[in-house]
Amino acid sequence: MSSRKQKLINDPSALLADMLTGFSAAYADVVRLTDNGLIVRRQPKPQGKVGLVIGNGSGHEPAMIGLVGEGLFDVNIPGEIFTAPGPERIVEGIRAADHGAGVLVCVSHHAGDLMNAEMALELCEMEDIENVDMVILYDDISSAPKGNEPERRGTAGLFFVWKMVGAFAETSDDLSACKAMAEKIRDNTRTLAMALTSCASPVTGEIMFEIADDEMEIGMGVHGEMGMGRQKIVSAEETIDLMLPPIIDDLPFKADDEVLVMLNNSGSMTLMELFILYKRVAEILQEKGIRVYKSWIGPYATTQEMAGFALSLCKVDDELKHLWDAPANGAYLKQL
Amino acid sequence: MSSRKQKLINDPSALLADMLTGFSAAYADVVRLTDNGLIVRRQPKPQGKVGLVIGNGSGHEPAMIGLVGEGLFDVNIPGEIFTAPGPERIVEGIRAADHGAGVLVCVSHHAGDLMNAEMALELCEMEDIENVDMVILYDDISSAPKGNEPERRGTAGLFFVWKMVGAFAETSDDLSACKAMAEKIRDNTRTLAMALTSCASPVTGEIMFEIADDEMEIGMGVHGEMGMGRQKIVSAEETIDLMLPPIIDDLPFKADDEVLVMLNNSGSMTLMELFILYKRVAEILQEKGIRVYKSWIGPYATTQEMAGFALSLCKVDDELKHLWDAPANGAYLKQL
Amino acid sequence: MTANIVITSQQLDDMIVAIAAQIAENRDLLNQLDSALGDGDHGTSISTAFSSAAEQVKQLEDAQPADILKTTASVVMNRMGGASGALFGTLFMKAALTAKDKTTLTKSDMDALWQAGLDGVKSRGKSDVGDKTMIDALSPAVQAFCGAQDFGSGWQSAAEAAQRGAKSTKTMIAKHGRAKFISERAIGHQDAGATSITLMFEAIYAYWKTLEGQD
Amino acid sequence: MTANIVITSQQLDDMIVAIAAQIAENRDLLNQLDSALGDGDHGTSISTAFSSAAEQVKQLEDAQPADILKTTASVVMNRMGGASGALFGTLFMKAALTAKDKTTLTKSDMDALWQAGLDGVKSRGKSDVGDKTMIDALSPAVQAFCGAQDFGSGWQSAAEAAQRGAKSTKTMIAKHGRAKFISERAIGHQDAGATSITLMFEAIYAYWKTLEGQD
Ligand SMILES: Nc1ncnc2c1ncn2[C@@H]1O[C@H](COP(=O)(O)OP(=O)(O)O)[C@@H](O)[C@H]1O
Ligand SMILES: Nc1ncnc2c1ncn2[C@@H]1O[C@H](COP(=O)(O)OP(=O)(O)O)[C@@H](O)[C@H]1O
Ligand SMILES: [Mg+2]
Ligand SMILES: [Mg+2]
Ligand SMILES: [Mg+2]
Ligand SMILES: [Mg+2]
Numbered sequence: 095m096s097s098r099k100q101k102l103i104n105d106p107s108a109l110l111a112d113m114l115t116g117f118s119a120a121y122a123d124v125v126r127l128t129d130n131g132l133i134v135r136r137q138p139k140p141q142g143k144v145g146l147v148i149g150n151g152s153g154h155e156p157a158m159i160g161l162v163g164e165g166l167f168d169v170n171i172p173g174e175i176f177t178a179p180g181p182e183r184i185v186e187g188i189r190a191a192d193h194g195a196g197v198l199v200c201v202s203h204h205a206g207d208l209m210n211a212e213m214a215l216e217l218c219e220m221e222d223i224e225n226v227d228m229v230i231l232y233d234d235i236s237s238a239p240k241g242n243e244p245e246r247r248g249t250a251g252l253f254f255v256w257k258m259v260g261a262f263a264e265t266s267d268d269l270s271a272c273k274a275m276a277e278k279i280r281d282n283t284r285t286l287a288m289a290l291t292s293c294a295s296p297v298t299g300e301i302m303f304e305i306a307d308d309e310m311e312i313g314m315g316v317h318g319e320m321g322m323g324r325q326k327i328v329s330a331e332e333t334i335d336l337m338l339p340p341i342i343d344d345l346p347f348k349a350d351d352e353v354l355v356m357l358n359n360s361g362s363m364t365l366m367e368l369f370i371l372y373k374r375v376a377e378i379l380q381e382k383g384i385r386v387y388k389s390w391i392g393p394y395a396t397t398q399e400m401a402g403f404a405l406s407l408c409k410v411d412d413e414l415k416h417l418w419d420a421p422a423n424g425a426y427l428k429q430l
Numbered sequence: 095m096s097s098r099k100q101k102l103i104n105d106p107s108a109l110l111a112d113m114l115t116g117f118s119a120a121y122a123d124v125v126r127l128t129d130n131g132l133i134v135r136r137q138p139k140p141q142g143k144v145g146l147v148i149g150n151g152s153g154h155e156p157a158m159i160g161l162v163g164e165g166l167f168d169v170n171i172p173g174e175i176f177t178a179p180g181p182e183r184i185v186e187g188i189r190a191a192d193h194g195a196g197v198l199v200c201v202s203h204h205a206g207d208l209m210n211a212e213m214a215l216e217l218c219e220m221e222d223i224e225n226v227d228m229v230i231l232y233d234d235i236s237s238a239p240k241g242n243e244p245e246r247r248g249t250a251g252l253f254f255v256w257k258m259v260g261a262f263a264e265t266s267d268d269l270s271a272c273k274a275m276a277e278k279i280r281d282n283t284r285t286l287a288m289a290l291t292s293c294a295s296p297v298t299g300e301i302m303f304e305i306a307d308d309e310m311e312i313g314m315g316v317h318g319e320m321g322m323g324r325q326k327i328v329s330a331e332e333t334i335d336l337m338l339p340p341i342i343d344d345l346p347f348k349a350d351d352e353v354l355v356m357l358n359n360s361g362s363m364t365l366m367e368l369f370i371l372y373k374r375v376a377e378i379l380q381e382k383g384i385r386v387y388k389s390w391i392g393p394y395a396t397t398q399e400m401a402g403f404a405l406s407l408c409k410v411d412d413e414l415k416h417l418w419d420a421p422a423n424g425a426y427l428k429q430l
Numbered sequence: 203m204t205a206n207i208v209i210t211s212q213q214l215d216d217m218i219v220a221i222a223a224q225i226a227e228n229r230d231l232l233n234q235l236d237s238a239l240g241d242g243d244h245g246t247s248i249s250t251a252f253s254s255a256a257e258q259v260k261q262l263e264d265a266q267p268a269d270i271l272k273t274t275a276s277v278v279m280n281r282m283g284g285a286s287g288a289l290f291g292t293l294f295m296k297a298a299l300t301a302k303d304k305t306t307l308t309k310s311d312m313d314a315l316w317q318a319g320l321d322g323v324k325s326r327g328k329s330d331v332g333d334k335t336m337i338d339a340l341s342p343a344v345q346a347f348c349g350a351q352d353f354g355s356g357w358q359s360a361a362e363a364a365q366r367g368a369k370s371t372k373t374m375i376a377k378h379g380r381a382k383f384i385s386e387r388a389i390g391h392q393d394a395g396a397t398s399i400t401l402m403f404e405a406i407y408a409y410w411k412t413l414e415g416q417d
Numbered sequence: 203m204t205a206n207i208v209i210t211s212q213q214l215d216d217m218i219v220a221i222a223a224q225i226a227e228n229r230d231l232l233n234q235l236d237s238a239l240g241d242g243d244h245g246t247s248i249s250t251a252f253s254s255a256a257e258q259v260k261q262l263e264d265a266q267p268a269d270i271l272k273t274t275a276s277v278v279m280n281r282m283g284g285a286s287g288a289l290f291g292t293l294f295m296k297a298a299l300t301a302k303d304k305t306t307l308t309k310s311d312m313d314a315l316w317q318a319g320l321d322g323v324k325s326r327g328k329s330d331v332g333d334k335t336m337i338d339a340l341s342p343a344v345q346a347f348c349g350a351q352d353f354g355s356g357w358q359s360a361a362e363a364a365q366r367g368a369k370s371t372k373t374m375i376a377k378h379g380r381a382k383f384i385s386e387r388a389i390g391h392q393d394a395g396a397t398s399i400t401l402m403f404e405a406i407y408a409y410w411k412t413l414e415g416q417d
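These protein sequences, in sequence, are chains Z, F, L and W. Under the working numbering, the residues of the first sequence are numbered 95 to 430, in order. Under the working numbering, the residues of the second sequence are numbered 95 to 430, in order. Under the working numbering, the residues of the third sequence are numbered 203 to 417, in order. Under the working numbering, the residues of the fourth sequence are numbered 203 to 417, in order.
No wet-lab data here; the hints were simulated from the structure. Any given hint could turn out to be false.
[To be verified] Covered by chain Z, according to a simulated footprint, are these stretches of chain F (three or more residues, beta-carbon under 8 Å):
hint, stretch
1, 102-116
2, 120-134
3, 143-157
4, 319-331
5, 365-373
6, 387-396
7, 413-427
Keep in mind the model is a prediction, meaning the values are calculated, not measured. Even for Gly, the Cβ is constructed at its ideal location relative to N, Cα and C.
Work out the full structure: start from the sequences and follow the hints.
Here is the structure:
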């Protein structure tokens with residue numbers, strides 16, 4: 095499938111700066127852009143609560159700049175397009191998120207994100223910044239087989255973690271409890287993604303990967319990393335019939351489980367298509383007796399204008415439902 | 095610019111039914127799909143308040159199904175893709191929105207929407223349904239010259255109307271005051287849109303209009319109607335420099351005016367691009383001394399996967415700011 | 203070959219069915235025309251609407267001409283939606299009102315039906331000849347029909363006039379509908395709605411010829 | 203032509219500049235390689251990083267070798283970001299730690315620097331030879347360099363070994379980085395990071411030849 099190569103940008107080397115300036119101006123009531131390029135809350139969290147930080151490559155907007163705010167992250171350290179920020183910048187983010195009860199660095203599992211977070215924690219040790227820990231998060235079942243979960247990569251399903259660990263950290267002074275909560279949500283979450291088209295890198299202007307007009311790929315990563323394989327495009331129902339059963343079997347999700355469901359738009363899917371896809375998701379879950387607590391459909395973590403979506407399920411108990419329903423006020427994630 | 099033609103759907107003749115089933119299942123906490131194909135609030139508005147209704151062609155999701163809910167519409171009557179619903183269906187919508195204080199039918203000005211609404215009101219008269227009125231709304235400065243505002247078409251800027259007249263009707267028992275409020279907001283709102291690519295009709299599978307890979311069109315309508323003319327694609331800054339001044343001059347917006355700003359994603363623009371575009375919008379407004387009260391950036395009224403955006407400004411006074419900040423709880427429009 | 207003197211309900215039914223078939227056959231052409239000037243859906247929506255109108259009409263029992271026309275109007279209006287649903291619906295609705303209480307339709311009844319339909323469309327659409335719409339086919343066709351002595355020559359000259367009218371839209375700038383926004387760029391393209399009107403008259407005329415062949 | 207015995211700070215400076223130039227020249231190639239296996243940005247990010255490292259290094263005054271290497275490490279790590287920022291950064295950071303307090307670098311100093319850098323990259327990346335990464339070029343290059351008697355033959359054999367190592371990645375399945383997710387489909391494509399390592403050694407060797415030509 096074809097993609098547009100031309101984007102409405104200015105100097106490609108100023109992409110990040112331009113974007114952060116525009117974003118922080120538009121949502122000045124929620125966030126602030128610091129001189130060292132961090133996105134922080136307009137109203138910082140009160141002292142004595144655990145700080146929540148994430149560094150990540152940009153190009154996935156609204157992730158993660160749109161998730162800084164009450165009930166969500168304290169600080170986001172946006173890297174260049176699809177490139178995790180370096181260790182010194184992560185340390186700056188950790189400092190900005192420190193409210194005296196420690197800081198949890200969330201890592202969406204990708205090689206660059208992990209290595210830089212590890213180096214940042216080494217720097218913290220050298221610089222005597224205390225009470226910092228990190229948690230490695232993953233959800234994509236296509237990237238490593240069952241049993242090897244820690245090798246899986248982090249994708250759109252981690253929004254369940256961001257939302258709920260964000261709510262938890264809002265009132266917690268216990269860093270290790272925050273980490274345990276993040277791990278609990280991660281271990282309850284499974285995702286599988288697909289794409290119909292490629293997308294262009296805004297940095298190079300080149301198409302990121304090749305895919306034929308009549309083909310789709312199941313198992314697509316959030317940077318256009320290829321997945322489990324190509325096949326001809328099928329109908330919405332057939333697509334869900336291919337994708338949902340492996341997700342259900344992986345956890346496994348069982349009859350009477352309550353779940354959150356997410357259909358994440360990776361870029362240029364229409365909401366119309368996502369609603370049509372969701373219809374089949376709801377049908378299958380009902381057949382299996384799996385109960386939907388709440389659903390999210392929309393662009394959460396994008397891969398530029400790639401046409402595709404990620405389907406995620408997260409099993410919830412009363413504690414998680416409570417965290418889910420807690421207020422959130424990020425520029426791009428609002429919970430009343 | 096190229097567009098994908100293949101969509102993830104099932105039977106094209108069941109598009110609307112499939113989409114409404116999926117949407118209403120996903121957001122069952124907010125809306126309900128009635129047997130006659132209306133989207134209504136899960137919790138109806140109390141008796142004695144004015145009902146707010148709109149009928150429109152589908153294919154613009156989240157508009158308008160995503161705007162049914164507290165502080166917004168009572169009822170949406172979704173038509174087939176890009177096709178206004180017929181008069182009998184509109185009358186059904188009016189009946190469903192009637193809570194004893196009359197019903198205001200909002201019309202986004204397009205030939206089909208208007209004619210069918212007029213016919214619906216004639217039917218109401220014949221059937222003795224009383225206290226129904228309609229308001230014709232438009233905002234697109236490219237579709238008729240200044241002085242001929244009532245000939246202009248309705249586009250993304252009408253979201254300002256939906257949000258604020260929705261808040262107004264929530265507590266009003268005065269149909270004519272609701273209509274006057276809608277007109278006030280309309281008369282304060284101006285929009286100009288552009289597109290870089292075409293999109294495919296999900297009904298026919300065909301590309302809706304032709305546009306070369308290196309061209310853009312300013313003045314694009316919400317159904318791919320062509321605008322003021324083609325030109326080569328320019329940078330983000332140059333694009334805003336072409337689009338914002340005519341908007342400012344049209345009202346005109348003046349120094350010390352307070353405004354709401356919207357950058358509506360018509361489909362497959364990246365948020366990254368929209369933030370970069372917004373940076374320039376903020377710069378120009380600041381130069382002119384026009385103050386931004388709040389901004390919205392994202393997909394509100396889409397034209398399938400068309401890559402493009404609409405830029406809208408709405409001048410607000412204290413009354414409108416109050417309505418803007420009032421709570422809203424549609425599936426796709428939340429105000430805390 | 204003698205001219206039929208009146209149109210029966212059965213014949214009116216058959217005409218609706220013939221129109222539906224003719225339009226269904228040209229669905230892709232109509233979509234194509236509409237995509238040059240509008241949103242490319244005219245063929246799909248009008249063919250769906252007339253197909254279900256034909257279905258509904260067939261199921262009517264002991265129907266008077268007005269019932270057939272009203273059913274057509276209502277199905278077209280509500281199934282088709284959009285501007286053209288309203289306009290094609292109005293055409294049949296005004297005709298239905300004019301046909302009220304008649305059991306068959308004479309040529310002069312039919313003149314009145316078409317005239318009422320045309321007036322209805324004009325006032326609903328706030329449009330007239332020269333605006334690059336269906337009226338550019340409908341208006342000359344109605345005029346030609348009313349000017350003819352009998353049904354046979356009426357249908358023939360109406361079909362021919364509609365055809366000419368539709369072709370004439372090629373050189374026009376649109377004043378209504380989605381096409382009005384593209385101004386000069388509309389030139390060279392034939393209006394989809396005017397083409398549907400032409401197909402409608404052509405279908406009726408072709409059907410009429412089979413009738414005349416029979417007696 | 204006699205072999206230089208030690209490397210001075212000035213020469214180390216020049217080497218960083220030479221590496222930056224060589225990588226900048228091959229930016230598009232590196233992007234292309236990375237788009238077959240990864241996200242297509244390797245050329246852009248590594249060339250930007252080394253260009254600013256070269257700038258920064260030029261501005262150092264009275265710098266020891268360790269300062270030059272540490273500056274390079276820090277700029278690469280923090281400007282480049284991503285996996286390769288961490289890995290290329292680690293390579294130079296470990297070398298800097300090993301060069302601590304030295305005013306010039308002998309061949310055996312240099313052996314130790316490279317060895318420390320290689321070990322650092324391996325443990326940071328949890329990877330080894332055969333995983334289709336930069337290590338497939340770096341490891342044989344370091345081995346070849348350390349096995350040579352002097353700088354001249356060391357740089358030459360390192361460049362050649364890196365080249366061979368980079369080519370060998372074509373037939374491998376990736377175990378790390380973004381490329382690991384495409385498994386068999388990675389076969390036939392050369393790893394971008396391994397190619398950068400090769401360009402690095404080629405730049406140093408070419409620079410060294412100009413030095414030897416001078417004396
Ligand atoms: N105001 C009007 N008066 C008469 N005919 C009109 C008017 N507006 C549109 N039309 C006709 O409707 C046709 C378009 O029909 P269609 O594509 O089905 O509707 P839509 O524009 O809602 O997609 C045009 O080709 C034109 O003939
Ligand atoms: N775990 C690892 N160990 C060693 N090298 C690695 C590892 N992961 C990635 N690399 C190297 O990094 C290169 C990719 O660099 P680059 O494209 O700049 O980073 P990113 O993958 O973050 O976009 C790969 O070609 C590979 O040589
Ligand atoms: Mg990268
Ligand atoms: Mg239409
Ligand atoms: Mg149309
Ligand atoms: Mg890369």
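A quick look at each hint next to the structure:
1. 102-116: It holds: at least three residues are needed, and the stretch 102-116 of chain F offers 9 whose Cβ sits within less than 8 Å of chain Z.
2. 120-134: Held - the stretch 120-134 of chain F has 3 residues with a Cβ nearer than 8 Å to chain Z, which meets the minimum of three.
3. 143-157: Satisfied; 4 residues make the cut.
4. 319-331: holds (count 4)
5. 365-373: It holds, with 9 qualifying residues against the three required.
6. 387-396: As far as the stretch 387-396 of chain F goes, the hint holds, because 6 residues have Cβ atoms under 8 Å from chain Z.
7. 413-427: That given contact holds, which follows from 3 residues of the stretch 413-427 of chain F lying within Cβ reach (below 8 Å) of chain Z.
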